[in-house]
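**Q** Protein chains in written order, with the working numbering: chain S, 308 to 644; chain C, 308 to 644.
Hints are computed from structural coordinates only; laboratory data are not their basis. Keep in mind that a hint or two might mislead.
Given that identical chains are not distinguished, each listed pair holds provided it fits within a single copy or across any two copies.
Calculated pairs, EDC-like style, for lysine to aspartate or glutamate (alpha carbon to alpha carbon, straight line, at most 20 Å) [claimed, not checked]:
id, residue 1, residue 2
1, K309, D416
2, K431, E324
3, K601, E525
4, K379, E324
5, K495, D374
6, K332, E427
7, K309, E414
8, K617, D374
Keep in mind the model is a prediction, meaning the values are calculated, not measured.
There are 2 protein chains.
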Amino acid sequence: MKVTELGEFGLIDLLAEMAYRTQDKQTPAGQQLIIGIGDDAAAWRGNTSIQLVTVDSFIQDVHFSLDITPWKEVGWKALAVNLSDIAAMGGMPRYAVVSLALPGDTEVDDITVLYQGMIELAQKSGVAIIGGDTSNAPQVAINITVLGSIQSQHENVLTRAGARAGDRIAVTGYLGAASAGWEMLNKKLQFDAETTVHLKQAFLHPYPRIAEGQLLLEQGVKAAIDISDGLVSDLNHICQASQLSARIDVDSVPIHPDVRINFGDRALELALSGGEDYELLFTGSTEVIDRIRKIATCPITVIGEMVADKESTVALVDRQGNPFKLRKGGWEHFTKR
Amino acid sequence: MKVTELGEFGLIDLLAEMAYRTQDKQTPAGQQLIIGIGDDAAAWRGNTSIQLVTVDSFIQDVHFSLDITPWKEVGWKALAVNLSDIAAMGGMPRYAVVSLALPGDTEVDDITVLYQGMIELAQKSGVAIIGGDTSNAPQVAINITVLGSIQSQHENVLTRAGARAGDRIAVTGYLGAASAGWEMLNKKLQFDAETTVHLKQAFLHPYPRIAEGQLLLEQGVKAAIDISDGLVSDLNHICQASQLSARIDVDSVPIHPDVRINFGDRALELALSGGEDYELLFTGSTEVIDRIRKIATCPITVIGEMVADKESTVALVDRQGNPFKLRKGGWEHFTKR
Numbered sequence: 308m309k310v311t312e313l314g315e316f317g318l319i320d321l322l323a324e325m326a327y328r329t330q331d332k333q334t335p336a337g338q339q340l341i342i343g344i345g346d347d348a349a350a351w352r353g354n355t356s357i358q359l360v361t362v363d364s365f366i367q368d369v370h371f372s373l374d375i376t377p378w379k380e381v382g383w384k385a386l387a388v389n390l391s392d393i394a395a396m397g398g399m400p401r402y403a404v405v406s407l408a409l410p411g412d413t414e415v416d417d418i419t420v421l422y423q424g425m426i427e428l429a430q431k432s433g434v435a436i437i438g439g440d441t442s443n444a445p446q447v448a449i450n451i452t453v454l455g456s457i458q459s460q461h462e463n464v465l466t467r468a469g470a471r472a473g474d475r476i477a478v479t480g481y482l483g484a485a486s487a488g489w490e491m492l493n494k495k496l497q498f499d500a501e502t503t504v505h506l507k508q509a510f511l512h513p514y515p516r517i518a519e520g521q522l523l524l525e526q527g528v529k530a531a532i533d534i535s536d537g538l539v540s541d542l543n544h545i546c547q548a549s550q551l552s553a554r555i556d557v558d559s560v561p562i563h564p565d566v567r568i569n570f571g572d573r574a575l576e577l578a579l580s581g582g583e584d585y586e587l588l589f590t591g592s593t594e595v596i597d598r599i600r601k602i603a604t605c606p607i608t609v610i611g612e613m614v615a616d617k618e619s620t621v622a623l624v625d626r627q628g629n630p631f632k633l634r635k636g637g638w639e640h641f642t643k644r
Numbered sequence: 308m309k310v311t312e313l314g315e316f317g318l319i320d321l322l323a324e325m326a327y328r329t330q331d332k333q334t335p336a337g338q339q340l341i342i343g344i345g346d347d348a349a350a351w352r353g354n355t356s357i358q359l360v361t362v363d364s365f366i367q368d369v370h371f372s373l374d375i376t377p378w379k380e381v382g383w384k385a386l387a388v389n390l391s392d393i394a395a396m397g398g399m400p401r402y403a404v405v406s407l408a409l410p411g412d413t414e415v416d417d418i419t420v421l422y423q424g425m426i427e428l429a430q431k432s433g434v435a436i437i438g439g440d441t442s443n444a445p446q447v448a449i450n451i452t453v454l455g456s457i458q459s460q461h462e463n464v465l466t467r468a469g470a471r472a473g474d475r476i477a478v479t480g481y482l483g484a485a486s487a488g489w490e491m492l493n494k495k496l497q498f499d500a501e502t503t504v505h506l507k508q509a510f511l512h513p514y515p516r517i518a519e520g521q522l523l524l525e526q527g528v529k530a531a532i533d534i535s536d537g538l539v540s541d542l543n544h545i546c547q548a549s550q551l552s553a554r555i556d557v558d559s560v561p562i563h564p565d566v567r568i569n570f571g572d573r574a575l576e577l578a579l580s581g582g583e584d585y586e587l588l589f590t591g592s593t594e595v596i597d598r599i600r601k602i603a604t605c606p607i608t609v610i611g612e613m614v615a616d617k618e619s620t621v622a623l624v625d626r627q628g629n630p631f632k633l634r635k636g637g638w639e640h641f642t643k644r
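Let the hints inform the model, and build the full structure from the sequences given.
**A** As structure tokens, this is what we get:
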């Protein structure tokens, strides 16, 4: 069987099951492990804090195209997606190692600019880039590992498996602008100057929700994920890990204003399944979410609730409770479409 | 300027200098940092131990060819090169995250076998594989980050910068067999069955010197590197980081017996510049090295000494003190040859 037939999530499950053998509770490494493969980041117990690690690849013509993503933003995004994973665990990112594969005929100036984009975000986030390697390769590939930690007063981390039936589902910020920006750049859509800037920024320059992730953890949230594949697809990850289902009221989904105004009927679709917004999707009691809404410096919107149903489905309903049908799900590598 | 013109080490220097800006001593991350970019691994001070991180890419047709490296050994080696970096710092590897890029038409069975090779070494070394990601890409690329630690009783790590003038230079094990194995497989050279097995194992199945690295640190060694690029090239890294030069007595270099017997005049060249042996190259006083030789379970050979000369050259001399000329140096990406 080919990898394409198995699909990305099938492959991940297979490899995770094999890797599980190395997490033997008899070894020091296995004993201290809290979360292995299958969440936004892995977590283990240090002596006075919880340690986190996450890795993400950012590959030319797979994850990004130089046609629409300038070198500086390639660097920014390659780091941002990792910081977002640490944020989704409630952690503080601390160190990064950067592995860079590139063709020998790449301009050194372009790589310098790429690195500048990465360093800008690293400095804003208090992350030190402390290692890496470089290789010759047919296309540009950036592989970043970020290490983070959670202060010792917290006994837990935000996981995909932490949701409970009856939890409200909430999301930070607005959705759909990143994928709308991607469409705008790819299809050369024309909008007014302000909209153009907003959508471009949303796609090219996402800000990981680091402070918000820590706030969620502090306020008692147990379940969170960052929206990289798309709201429905990422909520599905929470459902599967928590062995629950979810119901989303599509009328309450916070569609980014620029998307709502300019993308007509497709706006909701972009918000539900567009991906790459890097907002945090989380669940908690009404009280917990109300508390967070008062403190947070970004919008926090309740969009649905977790349901006691092990089928792990995400049901979309409108305000009248009628089913709403979405055309396609989130992003999955290796799947023919 | 193209990356090819700058060369791998030029590129690394450039990026390291830029990354240095993120290591601000005013930030918590910068404060705790002991070693940033430029050694086998980065190191920072945890609460009760020193933490280590290293990353290495293993890319098809750049670092390995499926023509001569079976899938299982691809997995083994991809992890081994990283464990060797942790060993070269005197650390104990603990956790690994594995990033896998591969074409969609790869056989799932092949990936399973690759993972088996990796898991076999992980289990032998007490390393838990706790995360990773998978991507679609035109060729197979494995990017592994390994986290390790050094127990708190040690206040230092083994670094490239730790050598002192007058230090003896020593090496673990025998050299040249990995590159001889590579030549054998590539050029389809014929040897007797036992030699064939030895050389193949040396190239495909290197054992990182984890226990030895810890022994060196315990016994007071300050400078070490693992031999990945080749003895001369890696010793040059120590020279540059320590602002010293080195003199090697080529007659004392421990050439692997199978190489010495079968490769004639080229045996020494393979031992000096072949690379991929993953032995440890280190420096220390005669007393320290004698002590290590008594305890170590592998051969420890003194091959030269560090010299007070900031030119950072590696001089090769024979037993009579006559200069010896080597045809080529170690491996460098992006350099035209």
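**Q** Take the hints in turn and mark each one as holding or not.
**A** Going through the hints against the structure:
no.: 1; hint: K309 to D416; result: between (39 Å within a copy, 8 Å between copies)
no.: 2; hint: K431 to E324; result: between (37 Å within a copy, 18 Å between copies)
no.: 3; hint: K601 to E525; result: within (14 Å within a copy, 54 Å between copies)
no.: 4; hint: K379 to E324; result: between (37 Å within a copy, 17 Å between copies)
no.: 5; hint: K495 to D374; result: within (11 Å within a copy, 44 Å between copies)
no.: 6; hint: K332 to E427; result: between (40 Å within a copy, 17 Å between copies)
no.: 7; hint: K309 to E414; result: between (36 Å within a copy, 4 Å between copies)
no.: 8; hint: K617 to D374; result: neither (43 Å within a copy, 46 Å between copies)
Violated hint for the displayed structure: number 8, the only one.
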